[in-house]
Amino acid sequence: MANTIWVLVELEGGAPVRSSLEVLGKAARLGRAEAIVLGSGAAEVAPTLGEYGAEKVYVHADAAYDQYLTLPAVETVSKLFAEHQPTLLLLPTTYDLRDIAARLSMRNGMGLITDATDLTIGDDGLKVTVPWGGETVVTATLTQQRPGIVLTRPKAFSVEQYAGRTAEIENINTTISAESQTIRVIETVEVKSEGPALEDAAVVVSGGRGLGKAENFHYVEELAEILGGAPGATRAIVDAGWLPYSYQIGQTGKTVKPTLYIAAGISGAIQHLAGMKGSKYIIAINKDEHAPIFANADLGVIGDAVSILPQLSTEIKRRKA
Amino acid sequence: MKMFVCIKQVPDPNTTVSKLDPNTKRLVRNGVSLVLDPGDESTISAAIKLRDKVGNSELVAVSMGPASAQEAMRRALAMGADRAILISDPALAGSDAGTTARVLAALLKKEGADVIFCSTESTDGYTGMVPGGIAEVMGIPQLTFAREINIEGQKAVIKRVIPKGYQTIESSLPAVITIASGSFEAIYPTMKGIMGAKRKPYSQVSLADLGLEASQVGEAGAREQVLSIGTAEARAAGQIIKDDGNAAQQIAEFLQRYQLL
Ligand SMILES: Cc1cc2nc3c(=O)[nH]c(=O)nc-3n(C[C@H](O)[C@H](O)[C@H](O)COP(=O)(O)OP(=O)(O)OC[C@H]3O[C@@H](n4cnc5c(N)ncnc54)[C@H](O)[C@@H]3O)c2cc1C
Ligand SMILES: Cc1cc2nc3c(=O)[nH]c(=O)nc-3n(C[C@H](O)[C@H](O)[C@H](O)COP(=O)(O)OP(=O)(O)OC[C@H]3O[C@@H](n4cnc5c(N)ncnc54)[C@H](O)[C@@H]3O)c2cc1C
Chain A
1 MANTIWVLVE
11 LEGGAPVRSS
21 LEVLGKAARL
31 GRAEAIVLGS
41 GAAEVAPTLG
51 EYGAEKVYVH
61 ADAAYDQYLT
71 LPAVETVSKL
81 FAEHQPTLLL
91 LPTTYDLRDI
101 AARLSMRNGM
111 GLITDATDLT
121 IGDDGLKVTV
131 PWGGETVVTA
141 TLTQQRPGIV
151 LTRPKAFSVE
161 QYAGRTAEIE
171 NINTTISAES
181 QTIRVIETVE
191 VKSEGPALED
201 AAVVVSGGRG
211 LGKAENFHYV
221 EELAEILGGA
231 PGATRAIVDA
241 GWLPYSYQIG
251 QTGKTVKPTL
261 YIAAGISGAI
271 QHLAGMKGSK
281 YIIAINKDEH
291 APIFANADLG
301 VIGDAVSILP
311 QLSTEIKRRK
321 A
Chain B
1 MKMFVCIKQV
11 PDPNTTVSKL
21 DPNTKRLVRN
31 GVSLVLDPGD
41 ESTISAAIKL
51 RDKVGNSELV
61 AVSMGPASAQ
71 EAMRRALAMG
81 ADRAILISDP
91 ALAGSDAGTT
101 ARVLAALLKK
111 EGADVIFCST
121 ESTDGYTGMV
131 PGGIAEVMGI
141 PQLTFAREIN
151 IEGQKAVIKR
161 VIPKGYQTIE
171 SSLPAVITIA
181 SGSFEAIYPT
191 MKGIMGAKRK
201 PYSQVSLADL
211 GLEASQVGEA
221 GAREQVLSIG
231 TAEARAAGQI
241 IKDDGNAAQQ
251 IAEFLQRYQL
261 L
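Chains A and B, in that order, give the protein sequences.
With the numbering used here applied, the first sequence corresponds to residues 1 to 321, in that order.
With the numbering used here applied, the second sequence corresponds to residues 1 to 261, in that order.
Take the hints with a grain of salt, since some may be wrong.
Under the rule of at most 30 Å between Cα atoms (straight-line distance), these lysine-lysine pairs were calculated in the BS3-like manner [unchecked claim]:
| no. | chain 1 | residue 1 | chain 2 | residue 2 |
| --- | --- | --- | --- | --- |
| 1 | B | K25 | A | K127 |
| 2 | B | K164 | B | K2 |
| 3 | B | K242 | A | K213 |
| 4 | B | K49 | A | K213 |
| 5 | A | K317 | A | K277 |
| 6 | B | K242 | A | K257 |
| 7 | B | K25 | A | K155 |
| 8 | B | K242 | A | K79 |
| 9 | A | K79 | B | K49 |
| 10 | A | K277 | B | K19 |
| 11 | A | K280 | B | K19 |
| 12 | B | K109 | B | K49 |
| 13 | B | K109 | B | K2 |
| 14 | A | K213 | A | K127 |
| 15 | B | K164 | A | K192 |
| 16 | A | K213 | A | K192 |
| 17 | B | K242 | A | K317 |
| 18 | B | K19 | A | K155 |
| 19 | B | K19 | A | K127 |
| 20 | A | K280 | B | K164 |
| 21 | B | K242 | A | K287 |
| 22 | B | K242 | A | K320 |
| 23 | B | K242 | A | K277 |
Derived by calculation from the structure, the hints in this document are not laboratory data.
Between the sequences and the hints, there should be enough to build the whole structure, so can you do that?
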């Protein structure tokens, strides 16, 4: 029997978010992919999901999913679980889906594996790959026969096209209870940044505590701009108040996978590496030759980032001219 | 108001590279230095600030862990928590996130918590599933990734960090609130705090005290299983150069060679 994999698709500005589509593509490779779309824009988005791998889409276009966090989605997906027996619910790790996953697993007694970078479902069952620290990889499984949840690491998969596939649409017939409308969104405020979004940039130039002081971060911004990329940061300097949280790359920040990642004055802590190790080329500038970042660099430069960064900006401008 | 903060003792991330025991497939905790989770320091600080702002409130630190976790609890008391409760039982070893949430929720329910603080995720297991799990078992809302917290009457209002900015969200109490790391400045224990911690109430409870069965917790209650532990593929060794004044040129050449300009 084919495995059925469910994906809860998140919407932003009326469109499915990339991380949901990435996981949907993976689900389609594992078996029969079915999507669940909830919220105001759901009805419009549902028919487009076939092209990303969905064979069926459950839809509930109710604004309550946008006005109240977590609980409306947990209620509806739990109802779907009571009626159907998918093999697995596959979710990318995002702020909202993480909150939903925690409650769903408790409410329905489901096993749950987090931080997966890959998974297979074979004759011998589910096998989930979970990196652990810098050096270890764990293969884990769920012990129950019933559906479980696997949360995947951001950017673990790429979006796939299933041209011409049309998904069967099923409208979910349900009313969201008052008890689920308790975490109310009062307002959502966007904090705008210039240049390409960190997550999508082909080049990321990041700075860490080795820059010495907040004012020196402009060397990072300048180089990023010249390379058409986005500036990023370690948690150390975000915590120190040099930059807003939106710049943070790593386990508790953003995950980036650019073609080029330049790390300046960054030690290379496991938690930082977790957010950028997938970059194609990594260049590190650090004055300590034993800095762990060097073990992950294609080019490691032992030196002072504060003097090298502006020189590099000048040099690149010269070569590009 | 009765406020609780859930804290955990973890291998010191500054001195130990976490290892998994190939036999038990659990985190190695023997022979490594254990500390209060650094993330929890900021969560405890947020909780203390809120307790003092709301007034007429008590802050209790709770943890599920081995007896050694007492050290971490003492630190929470020295920082300013009013009392501490450790849930410890040999049967709890190997518990998964779901079980951890059920056990903590059983105590929090019994204690009649109004506000429950957790870190967004722990430093060692980092599933981030415990706070939402506690909220679900207790049937209460969860307000996550808080960078600012206000209690207004019987409501909690927080600023929640999201990737593109922030949201203001609210719910009724009781509620679970998770703290976005780095949003609250840590309070460091003073000498007076450390001395005073020794006289603050500290208790230890077992599974039986919470009315839970050993067969539902620990490894027996876990729904996930580690099949094998392997070695991650290392990145091929790169080229290392020392800056002798020409580093900028050498980097630019590297970029040109790989068509990155
Ligand atoms: C639960 C948890 C989650 C975390 N999540 C994240 C996360 O998401 N992202 C993240 O980044 N971190 C995260 N961290 C923090 C992480 O462990 C490190 O503390 C942090 O990444 C270190 O930042 P850094 O490299 O800027 O600073 P440091 O570790 O202090 O390194 C500074 C580096 O700069 C070098 N240096 C100094 N002067 C110069 C100079 N003039 N020129 C060049 N080099 C110089 C030094 O040799 C050193 O290697 C997390 C930690 C925990 C416990
Ligand atoms: C390599 C490895 C992989 C694992 N993978 C999984 C997995 O995929 N699924 C799974 O269910 N379990 C998994 N676990 C087990 C899990 O880490 C433990 O069960 C742990 O008890 C759950 O907590 P956490 O550290 O993940 O908590 P998180 O949910 O990350 O913790 C968030 C916050 O909850 C509070 N909290 C958490 N634990 C406690 C506690 N014991 N006492 C008081 N407060 C607490 C703290 O405020 C903490 O900061 C794994 C463990 C290891 C070592």
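Hints and how they fare:
This hinted pair checks out: K25/B and K127/A have alpha carbons roughly 16 Å apart, not beyond 30 Å. The hinted pair formed by K164/B and K2/B fails the criterion: a straight-line CA distance of about 34 Å is larger than 30 Å. Of the pairs offered as hints, the one joining K242/B and K213/A holds, with about 23 Å between alpha carbons and a cut-off of 30 Å not exceeded. A distance of roughly 28 Å separates the Cα atoms of K49/B and K213/A; the hinted pair therefore holds under the 30 Å criterion.
Restraint check for K317/A and K277/A: satisfied, since their Cα atoms lie roughly 27 Å apart, inside the 30 Å limit. At most 30 Å may separate the alpha-carbon atoms for a hinted pair to count; K242/B and K257/A meet this at roughly 27 Å. Restraint check: the Cα-Cα separation between K25/B and K155/A comes to about 27 Å, which is no more than 30 Å; the hinted pair holds. Taking the CA atoms of K242/B and K79/A, the gap is near 61 Å; set against the 30 Å cutoff, the hint is violated.
Simply put, K79/A and K49/B have alpha-carbon atoms about 40 Å apart, too far for the 30 Å limit, and the pair is violated. Taken as a hint, the K277/A and K19/B pair is honoured in the structure, with Cα atoms around 20 Å apart against an allowance of 30 Å. Straight-line distance between C-alpha atoms of K280/A and K19/B comes to about 27 Å, which keeps the hinted pair within the 30 Å bound. Restraint check for K109/B and K49/B: the C-alpha separation of about 23 Å stays at or below 30 Å, so the hint holds.
Straight-line distance between C-alpha atoms of K109/B and K2/B comes to about 11 Å, which keeps the hinted pair within the 30 Å bound. Under the criterion of a C-alpha separation no larger than 30 Å, the hint pairing K213/A with K127/A is inconsistent with the structure, at around 46 Å. Proximity of K164/B to K192/A is assessed by CA-CA distance (about 8 Å); at most 30 Å being required, the pair is judged to hold. Under the criterion of a C-alpha separation no larger than 30 Å, the hint pairing K213/A with K192/A is consistent with the structure, at around 24 Å.
For the hint pairing K242/B with K317/A, the CA-to-CA distance comes to about 23 Å; that is within 30 Å, so the pair holds. Our distance criterion of 30 Å between C-alpha atoms is met by K19/B and K155/A, whose separation comes to about 25 Å. As the CA atoms of K19/B and K127/A are separated by approximately 21 Å, the hinted pair is consistent with the 30 Å bound. Note on K280/A and K164/B: the hinted pairing holds, with a Cα-Cα distance of about 25 Å set against a maximum of 30 Å.
Taken as a hint, the K242/B and K287/A pair is honoured in the structure, with Cα atoms around 9 Å apart against an allowance of 30 Å. At most 30 Å may separate the alpha-carbon atoms for a hinted pair to count; K242/B and K320/A meet this at roughly 25 Å. Distance check on the hinted pair: K242/B and K277/A sit about 23 Å apart at the alpha-carbon level, within 30 Å; holds.
In this structure, the hints that do not hold are numbers 2, 8, 9 and 14, in rising order.
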